[in-house]
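Asks: Each chain is listed here by its residues.
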Amino acid sequence: SQTIHQWPATLVQPVGSPLSLECTVEGTSNPNLYWYRQAAGRGLQLLFYSVGIGQISSEVPQNLSASRPQDRQFILSSKKLLLSDSGFYLCARRGLAWDEQFFGPGTRLTVL
Amino acid sequence: GQQVMQIPQYQHVQEGEDFTTYCNSSTTLSNIQWYKQRPGGHPVFLIQLVKSGEVKKQKRLTFQFGEAKKNSSLHITATQTTDVGTYFCARMYSGGGADGLTFGKGTHLIIQP
Chain A
1 SQTIHQWPAT LVQPVGSPLS LECTVEGTSN PNLYWYRQAA GRGLQLLFYS VGIGQISSEV
61 PQNLSASRPQ DRQFILSSKK LLLSDSGFYL CARRGLAWDE QFFGPGTRLT VL
Chain B
1 GQQVMQIPQY QHVQEGEDFT TYCNSSTTLS NIQWYKQRPG GHPVFLIQLV KSGEVKKQKR
61 LTFQFGEAKK NSSLHITATQ TTDVGTYFCA RMYSGGGADG LTFGKGTHLI IQP
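Chains A and B, in that order, give the protein sequences. Take the first sequence: its position 36, counted from the start at 1, is 36 in this note's numbering, and no numbers get skipped. Take the second sequence: its position 100, counted from the start at 1, is 100 in this note's numbering, and no numbers get skipped.
I should point out that these hints are in silico values taken from the structure, not numbers from a laboratory. Beta carbons: idealized from backbone N, C-alpha and C, even for Gly. Worth double-checking, as some hints may not be accurate.
[Unchecked claim] Some chain A residues close to chain B (C-beta under 10 Å, calculated; not the full set): (1) Trp-7; (2) Asn-30; (3) Tyr-34; (4) Trp-98; (5) Asp-99; (6) Phe-102.
[To be verified] Covered stretches of chain A (in silico footprint by chain B; criterion: 3 or more residues with CB under 8 Å from a CB of chain B, positions within the stretch not fixed): (7) 44-58; (8) 104-111.
This is chain A alone, in the form it adopts within the complex (with noise of 0.2 Å):
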């Protein structure tokens, strides 16, 4: 099994409150996992990626971060929300045969 789980599937949160955001994948060990975020009109957007345990590389600058605290835990977080950081977000693992991307059902975050 390669399924994705994502919590919460919704969101509503405050500007200036915090974020904690939670991935976890089964199957296979030390998967590559991604955050993406997709805003209306903007398509997908890579956030994170992460190679293994406590490997985190950020590819757009912003007021979000992530772990890796596990192998198959991944977690994005924010200490102060933005009303831009509503969104789609989507966690994902790359896949074995193509590299391609297996993504999570994702988190719908509004901002107010």
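Place chain B on chain A using the hints.
Replies: Frame of chain A, contents of chain B only:
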């Protein structure tokens, strides 16, 4: 340099008509991937093209990779309501050891019965 441009942004078709979306890059692509995202869902991998001039078919879907490996297309023959969604092309993110994909903005396919 890393972007892939996708057109059209929206496409309305009558059920049974054909549909095509195009993906273009200013630089040569090592490969191109295509994804489908149903309304309210997450993107799902469809296919990867690697070779210059490659053509692959999945039932009513035909994927092409340009000879210069700078463009690609997805063509759907005789659309059905189940084809509704957004189709994305994506390229491997490269440079500085980066990993992951750069996606086009997608083409939203709207089908009128």
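Asks: Compare the structure with each hint and give your call.
Replies: Tested hints:
1. About 14 Å separates the beta-carbon of Trp-7 (chain A) from the nearest beta-carbon of chain B, more than 10 Å, and the hint is not met.
2. Given hint, Asn-30 (chain A) at the interface with chain B, is violated; its Cβ is 14 Å from that chain's nearest Cβ, farther than 10 Å.
3. For Tyr-34 (chain A), the suggested interface contact is upheld, since its CB lies about 5 Å from the closest CB of chain B, less than 10 Å.
4. Of the supplied interface hints, the one on Trp-98 (chain A) holds, with its beta-carbon coming within about 4 Å of a beta-carbon of chain B, less than 10 Å.
5. Residue-level restraint check for Asp-99 (chain A) holds (minimum Cβ-Cβ distance to chain B is 7 Å; threshold 10 Å).
6. For the restraint placing Phe-102 (chain A) at the interface with chain B, the shortest Cβ-Cβ distance is roughly 7 Å, inside the 10 Å limit, so the hint holds.
7. Check on the segment 44-58 of chain A: 6 of its residues sit with their Cβ under 8 Å from a Cβ of chain B, so the three-residue criterion for coverage holds.
8. Beta-carbon proximity to chain B at under 8 Å applies to 3 residues in the segment 104-111 of chain A; the threshold of 3 is reached and the given coverage holds.
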